[in-house]
Structure formats: structure tokens, C-alpha cells
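> Listed below are the residues making up each chain.
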Amino acid sequence: MYPRPIPETAIWQRRLYVAVVIGILIVWLGPLFAVVLTSFRSMQDVMGGNLWGWPTQFGLIENYTAVFTQTPMAQYFLNSLIITIPSVIGVLILSTLSGFVLSRYRFPGNMLVFALFVGGNFLPHQIMMIPVRDLMVRLGLYDTTMALIIFHVAFQTGFATLFMRNFIAALPDELFQAARAEGATPFQTLVHVVIPLVRPALAALAILLFTFIWNDYFWAVVLTISDSVKPVTAGLANLRGEWVSAWNLISAGTIVVAVPPVIMFFLMQKHFIAGLTMGAVKG
Amino acid sequence: MKTLWRHHRWWLTPTLLIMPAAILFSVVILASSVESLWISLHEWDGFGPMRWIGLDNYRELFNDPQFYVSLKNNVIWLVMFMLAPPLGLAIALLVNQKIRGMRFLKSLFFIPLVLASVAVGVVFSWVYTPQFGLLAIIFRFFGATAPAVLSDEHFVTFAVVTAALWPQTAFCMVLYLAGLNNLSEDLIGAGRVDGAKGWNMLRHIVLPQLTQVTFIAIAVTVVGALRSFDIISVMTSGGPFGSSSVLAYQMFEQSIFSYRFGYGAAIASVLFVIMAVFIVWYLSRIIRAEERGA
Numbered sequence: 003m004y005p006r007p008i009p010e011t012a013i014w015q016r017r018l019y020v021a022v023v024i025g026i027l028i029v030w031l032g033p034l035f036a037v038v039l040t041s042f043r044s045m046q047d048v049m050g051g052n053l054w055g056w057p058t059q060f061g062l063i064e065n066y067t068a069v070f071t072q073t074p075m076a077q078y079f080l081n082s083l084i085i086t087i088p089s090v091i092g093v094l095i096l097s098t099l100s101g102f103v104l105s106r107y108r109f110p111g112n113m114l115v116f117a118l119f120v121g122g123n124f125l126p127h128q129i130m131m132i133p134v135r136d137l138m139v140r141l142g143l144y145d146t147t148m149a150l151i152i153f154h155v156a157f158q159t160g161f162a163t164l165f166m167r168n169f170i171a172a173l174p175d176e177l178f179q180a181a182r183a184e185g186a187t188p189f190q191t192l193v194h195v196v197i198p199l200v201r202p203a204l205a206a207l208a209i210l211l212f213t214f215i216w217n218d219y220f221w222a223v224v225l226t227i228s229d230s231v232k233p234v235t236a237g238l239a240n241l242r243g244e245w246v247s248a249w250n251l252i253s254a255g256t257i258v259v260a261v262p263p264v265i266m267f268f269l270m271q272k273h274f275i276a277g278l279t280m281g282a283v284k285g
Numbered sequence: 046m047k048t049l050w051r052h053h054r055w056w057l058t059p060t061l062l063i064m065p066a067a068i069l070f071s072v073v074i075l076a077s078s079v080e081s082l083w084i085s086l087h088e089w090d091g092f093g094p095m096r097w098i099g100l101d102n103y104r105e106l107f108n109d110p111q112f113y114v115s116l117k118n119n120v121i122w123l124v125m126f127m128l129a130p131p132l133g134l135a136i137a138l139l140v141n142q143k144i145r146g147m148r149f150l151k152s153l154f155f156i157p158l159v160l161a162s163v164a165v166g167v168v169f170s171w172v173y174t175p176q177f178g179l180l181a182i183i184f185r186f187f188g189a190t191a192p193a194v195l196s197d198e199h200f201v202t203f204a205v206v207t208a209a210l211w212p213q214t215a216f217c218m219v220l221y222l223a224g225l226n227n228l229s230e231d232l233i234g235a236g237r238v239d240g241a242k243g244w245n246m247l248r249h250i251v252l253p254q255l256t257q258v259t260f261i262a263i264a265v266t267v268v269g270a271l272r273s274f275d276i277i278s279v280m281t282s283g284g285p286f287g288s289s290s291v292l293a294y295q296m297f298e299q300s301i302f303s304y305r306f307g308y309g310a311a312i313a314s315v316l317f318v319i320m321a322v323f324i325v326w327y328l329s330r331i332i333r334a335e336e337r338g339a
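Just so you know, the sequences run in chain order A and B. So in this note's numbering, spot 206 of the first sequence is number 208, and the numbers just go up one at a time. So in this note's numbering, spot 19 of the second sequence is number 64, and the numbers just go up one at a time.
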């Protein structure tokens, strides 16, 4: 272990250490605490300029009710789900297939295809913005959730292929030799050998993709304009324009945007960390 | 037909399996990127026909003072973002203890990483709000008045980058924590026997084992810096007067707000070239690593 572990016998040292960590954590998350607290405040409290202290008057229920009834936040939230969930499923399917092929079949250009997937993933989004927008206009998909789903599936497939390829490449070779010896076709190998073994990787990938896609803002503003298709991120940016100093409502909206990825993260923390480090460190 | 399939399925199946991903990715991502380079040689409002103008967009761009402001801001982003790996390492070193409750505390440190950058932007525009923001309160505590950082052209980019550093540092911290858990106990033990301590231990025994992690941390940080868009859009919309714009934002503004798609494509192409230098370096490194491994 590095740094050297604080010995279990040094009780006071341990307590002091935990206290210091908590202190730093409070500074680290301070702004976020304030947003949470302010989403609990009443309007009067905000008007009085109390943005960082303890609320003098609570308006928790009013604020969240207002966000969901007086703004299209509920609609945005639903849109985000409609965009994010099918995109994640689509990427998982495509990348399992492509990762399997790239990791288990040697063919000329294998490395080139792999490099294109990885490299494309690092491109600045702006370089594809105009043609993608134009493509969606021509397909009649501009300003629909489908436009965002297609884009996210296409783009995230790059990263996800890298991820699945590395995971499948690390599976023991013996399994694949055995499958071949038994006369299994590539498709049977995929169904009976690969898919049962990649479940942990799929879980890790799914949580990462959920976060990436849910949090997307750029494509949301490029490909959508109507409230009926806009996801929460673009919706929040809109609300800020309309509710300039109603900080209690804006912070409630911010919490609504932030909560799903944070909950997903806490539910599947192990997978999330494993995914991030697997995807990145193995690269 | 059936025997034909049987004879060829050893290569047909893999080809069919990779096709959906390969086609979608080539059409939507790769072809679009190339098409942008083509569009950058035209004048185009996004609706009507495109008019070929050769390199005129680039000529205009290189004479556009806003381009240099954006470029300078991109450099500020890159340089300031390089604080994320060391800060992330510092927090990782701080929290890497196995004590009851630490697991939970550690996971709280990760939260900025999963927040939408729009949310981060809202949180920080609030920290910076004149008079009522946290910054104003801190300055008042010392008897000073905080500048309105988001409307001051000298401070604005630094303020925005500081906000963006928050999630980026959390990202680097996650990477380093994973790296710290894979350190060789033997080397650490040997170092301790030899009396290595503090900075020497970190510098000569721990960091060399973290080279790979550091490479990744720097890579994701460079990409993050060059990609910065969301936070700028939410916090300042590139303002005041374009002083916090970066190439990515200037491109968006020119295309979406001014309908100058050709000019926008030219800005995107310049950003692409900057990023390409980095992508080539990165890819050559991982391909070399792959070939060593194979």
C-alpha cells in the first residue's frame, strides 16, 4: 500500500485523518451542497440574497413542484430517458459484435479498422457537426429524438468497440481453441462463449455510456429545438435564460439533471470505476 | 447456396458481425468529418447551394482577431488543464487509506465526474455571481470586493477553466486511485527498506510505476481541454464580446447563429488539425504497445 497505511492502533491519528478528509471533502463539494440547499429554499430566502447560508425558510416541495409543473422539465426528463436508454442498448449490441470480430479474427486491415474506431472517438465534435446536422435534416430526422439516438450510437460505438475488443482479447485463448475444436461456427462461438463471459464488461460499459449520453449537451443543441424532444441538459440551459434570478428553481432543475447519473453511479460504483479504468488504462 | 455459405462462413460471419458498427461509424462519424473539410472550401448558409471559394474561408480566418482570441483561450485551457493530473494524484494519495467509511468518502469525491457539464456550469456561474456568490462572500470576509469575473474579459477564461477543472480533477483522481491499487508491493517494500521516504519515494519508486496511468490522464485531459464547449456555452456564451470563446465555441456560433457553415467548417478544420497531431501521437503509442503485446 502506498501511501503507508495509518496503523489500526493509532486511533487518534486515524480520527484526525478522517476529519481532515471530511474537511477537504466539504470544500470539494461545497458548491454542490449549496445548490442542493438552495433547491430547498423559499423564493423569499433567495430574494433576500441568502444563497449560501442555512435556509431561513423552506420551499422544498414548492420548488420541485414548480419545476415539474410550471416548466417543461418533466417532458425534458422523459426525452432524456427516451434518448439515453435505446442508445445505450444499441451501442452495447454493436460494440459486442465488432469487439468480438476485432479481437478474435486476424484479417488484413484489422489494426487499421481498430485505429479508425479509436481515433474517430477522439475527434472534436465540431468537425462532424455540420454534415451530421445536414444528414439528419435530409433524413427528415432533424429535431427528433431519433436523430440524437443515431448520432450517440454511432459515436459511442468507437469507444465501446475499443473497450469490448480489449475485454474479449483478454479472455483465455483456450476457450476459443476448444470452441473451434468442437467445430463451433463463429456465430455459435459468439453466443455460447463470448456473450456469457462479457456480462461484467457490458455492465461497466452500460453505466459509462448512460452517463456520457445523459450528460451530452452539444448534440442536444445542435440537433433539437423543440421542447418535445429536447433532453434535460439543453432544457436546463433554457430554464436559466427564463428564470434568471429564481435560483431556487434553477437549482432544483440542476438537481433533476444531476440525479440520474449520480444514482446510477452509486448503485453501480464498482462497475463504473472498473469501466473507466479498464477503458482508459488498457488503451 | 447452403454449401456456399458453409464454405465461406468462417469469414462471412465475422464480416457480417462487424458491418453494422463499421458502416454506422464510417458514415456518421468518419465521412462527416471528411465532408467538413470539403465544406470549409465553400460559402454556404446551410440551406441553399454551396459556392466554391477555395481557401477564402481560411484567409478570412487568419485575419480574424476573434480567431486569435479563441486560439489563445484554447492554449490557456490546455495549460491550466494540466493541473488536473497532479491535483488528481494528490487527492488520490490523500484518500488511499483502508479505514472504515473511507470507501464512501472516496465515492463522494467522484461526484463531479458524473455531473453533467451543464450542471457544473450552473453551479459555478453561481459561485461567481457578483455580490451573492461564494467568491463575493470570501472576498468580503477579507474586506475586499470580488470582481465580476464572468463579465471581465481578463478573468473570464480563468474562471471558466477553474470550473471545468473540477470534474477533470475527479477523473484523474479515479485513474490514479486505480493505478495506486496496482503498485508492486515488492518494490514499495524494497524502497522502504532502503529508507526511501516522502518525495523521493513518490518520485523514484511510485511515479515510475504510474507512467501508464499518467499517460492516460494526460491524454484524457488534453482531449477534454480541446473539447471544451458545454461549460463555456452555459457560463458565458463566449462573452463578454467573445473574450472567453474557444475554437469549438466560435465554430458553433458562426454556424448556428450566423449561418456561416463554410466558415464554421473552416474553424472546425483548424481545431481538427490541432487535435489530429495529438490523435496520431496517441494512436502510435497504443499501436506500438499492442504490437509489443502481440
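Mixed in with the good hints there might be a few duds.
What the hints assert, rightly or not - Below, a sample of chain B positions facing chain A; criterion: calculated Cβ distance under 7 angstroms: (1) I68; (2) I144; (3) V159.
Just so you know, these hints were derived from the structure itself, not from any lab. Yeah, the Cβ is synthetic: ideal placement off N, Cα and C, and Gly gets one too.
> State for each hint whether it applies.
Right, here's what the structure says about each hint:
Because the beta carbon of I68 (chain B) sits about 9 angstroms from the nearest beta carbon in chain A, more than 7 angstroms, this interface hint is broken. A hinted interface residue such as I144 (chain B) counts as satisfied when its beta carbon comes closer than 7 angstroms to some beta carbon of chain A; here the least separation is about 6 angstroms, so the hint holds. Interface hint status for V159 (chain B): upheld, as the beta-carbon distance to the closest one in chain A is roughly 4 angstroms, under 7 angstroms.
In this structure, only the earlier hint numbered 1 is contradicted, and the remaining ones agree with it.
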